[in-house]
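Chemist: For the sequence shown, my numbering gives the first residue as 1, with consecutive numbering after it.
Calculated from the structure, these hints are not laboratory results. Honestly, I wouldn't trust all of these hints.
[Unchecked claim] Restraint-style ranges between C-beta atoms, simulated for each label pair: (1) Leu94 x Ser154: 31 to 41 angstroms; (2) Asp203 x Trp158: 22 to 32 angstroms; (3) Asp180 x Asp242: 48 to 58 angstroms; (4) Gln260 x Thr207: 13 to 23 angstroms; (5) Ile265 x Leu149: 14 to 24 angstroms; (6) Asp142 x Glu243: 17 to 27 angstroms; (7) Ser256 x Gln193: 53 to 63 angstroms.
[Claimed, not checked] Capping the alpha-carbon separation at 25 angstroms, the derived lysine to any residue pairs in SDA-like fashion look like this: (8) Lys176 x Lys140; (9) Lys175 x Tyr223; (10) Lys175 x Arg195; (11) Lys215 x Leu188; (12) Lys259 x Pro186; (13) Lys146 x Gln260; (14) Lys175 x Ser154; (15) Lys259 x Glu191; (16) Lys140 x Ser150; (17) Lys146 x Ala239; (18) Lys140 x Ala239; (19) Lys146 x Glu214; (20) Lys259 x Asp211; (21) Lys215 x Ser228; (22) Lys175 x Gln221; (23) Lys175 x Leu185; (24) Lys176 x Glu194; (25) Lys215 x Arg177; (26) Lys175 x Phe164; (27) Lys259 x Lys175; (28) Lys176 x Asp213; (29) Lys176 x Ser150; (30) Lys140 x Asp211; (31) Lys146 x Asp213; (32) Lys146 x Leu219; (33) Lys215 x Asp180.
Ideal Cβ positions, reconstructed from N, Cα and C, are used throughout, including at glycine.
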Amino acid sequence: MAVIDATCPQKHTSEEEVLYFWGAPKQRPDVRCSLCDAQYQMDDFISTQLPSRQGYFGLLLSATAIVGVWILPWSVMAKGLTALLCVFSMFQALWMLWHQRQRSLVYQAMFRLGAPAGPPAELDISGAVHAVDQSAFLKKNDVMRKELLSLLASIQHWMEAEGFHLQHDLFLIEKKRHEDVALDLPSLDLEEQERTWLAYRIDELRTLAEDYDEKRTLLHQFYDLPRSIEALLNELELASGDEASELMAELQSWISQSKQDLAQI
């Protein structure tokens, strides 16, 4: 999530924090202002910060005035001074358009490494919780039952609070977006806060890339764990004797390993 100063498009208050969100892979990214909580398409947001129409209008008006001033019944000096003023206005309009282009490139770089768009998808643990509550074996083992319910709740909370962002960061690493932005960094006209955030984000993703395979495997395991627990408990209800003991031992192993994985990830 990138947080930088900008102007609120609705309240027109300067120096307010704006959150940048990365959209779906094939879509343009979105922006959400933390002050008015409105969400914008990237191009629409840039137009609120840097109104390009003023630049184009100023350029057209200046060019027209340079030509048109010579048909007025003024002295040559007055016409020349007016033409120089129009030339100055033209360069000012060109600078505005150039500045808009530079800001657009900076915003796009920050968007590319921003947070995922929209709320996280909720991890469904209802089937596993129901299987735990209905398990005849776990009714006789209240300690394991409470451990399982606590584990499922912890995984659900982690997936919604952190796993969602980890999944998005792994996607950025897979697409090498951080390396692409790193190559563009020297050519961008960045504010100090923007440069600091981009450097931090690139370093963060490079560090995560070192453990990419491990993090990706653990993430998939957490996604699959509720269904795996539900399936194992259903299998346990049909087992007896040594088979039931083996399944209970396997379940206990899952609990212990998942707690360790959750602590280290």
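Chemist: So, for every hint listed, does it hold in this structure?
Modeler: Cross-check of the supplied hints:
1. Leu94 x Ser154: 31 to 41 angstroms: 58 angstroms, violated
2. Asp203 x Trp158: 22 to 32 angstroms: 24 angstroms, holds
3. Asp180 x Asp242: 48 to 58 angstroms: 56 angstroms, holds
4. Gln260 x Thr207: 13 to 23 angstroms: 21 angstroms, holds
5. Ile265 x Leu149: 14 to 24 angstroms: Holds, since isoleucine 265 and leucine 149 (Cβ atoms, about 20 angstroms apart) stay within the stated range.
6. Asp142 x Glu243: 17 to 27 angstroms: Holds, since aspartate 142 and glutamate 243 (Cβ atoms, about 22 angstroms apart) stay within the stated range.
7. Ser256 x Gln193: 53 to 63 angstroms: Since serine 256 and glutamine 193 have Cβ atoms about 44 angstroms apart, the given range 53 to 63 angstroms is violated.
8. Lys176 x Lys140: 51 angstroms, violated
9. Lys175 x Tyr223: 22 angstroms, holds
10. Lys175 x Arg195: The hint holds at about 22 angstroms.
11. Lys215 x Leu188: Given pair lysine 215, leucine 188 is violated - Cα atoms ~32 angstroms apart, limit 25 angstroms.
12. Lys259 x Pro186: The given pair, whose Cα atoms are some 43 angstroms apart, is violated under the 25 angstroms limit.
13. Lys146 x Gln260: Satisfied, since the Cα-Cα distance of roughly 17 angstroms is no more than 25 angstroms.
14. Lys175 x Ser154: Violated, at about 30 angstroms.
15. Lys259 x Glu191: 43 angstroms, violated
16. Lys140 x Ser150: 17 angstroms, holds
17. Lys146 x Ala239: 22 angstroms, holds
18. Lys140 x Ala239: Holds. Lysine 140 to alanine 239 sits at ~15 angstroms (cutoff 25 angstroms).
19. Lys146 x Glu214: 28 angstroms, violated
20. Lys259 x Asp211: Judged against 25 angstroms, a Cα distance of about 19 angstroms means the pair holds.
21. Lys215 x Ser228: Measuring from Cα to Cα gives roughly 19 angstroms; hence the hint holds.
22. Lys175 x Gln221: Cα-Cα ~22 angstroms, so holds.
23. Lys175 x Leu185: Given pair lysine 175, leucine 185 holds - Cα atoms ~17 angstroms apart, limit 25 angstroms.
24. Lys176 x Glu194: 20 angstroms, holds
25. Lys215 x Arg177: The hint holds at about 18 angstroms.
26. Lys175 x Phe164: Distance ~17 angstroms between lysine 175 and phenylalanine 164 Cα, so the pair holds.
27. Lys259 x Lys175: 30 angstroms, violated
28. Lys176 x Asp213: 15 angstroms, holds
29. Lys176 x Ser150: Not satisfied, since the Cα-Cα distance of roughly 36 angstroms exceeds 25 angstroms.
30. Lys140 x Asp211: Status violated; Cα separation ~40 angstroms.
31. Lys146 x Asp213: Roughly 31 angstroms between the alpha carbons, so the hint for lysine 146 and aspartate 213 is violated.
32. Lys146 x Leu219: 23 angstroms, holds
33. Lys215 x Asp180: 22 angstroms, holds
In summary, the structure is inconsistent with hints 1, 7, 8, 11, 12, 14, 15, 19, 27, 29, 30, 31 from the numbered list given earlier, while agreeing with the others.
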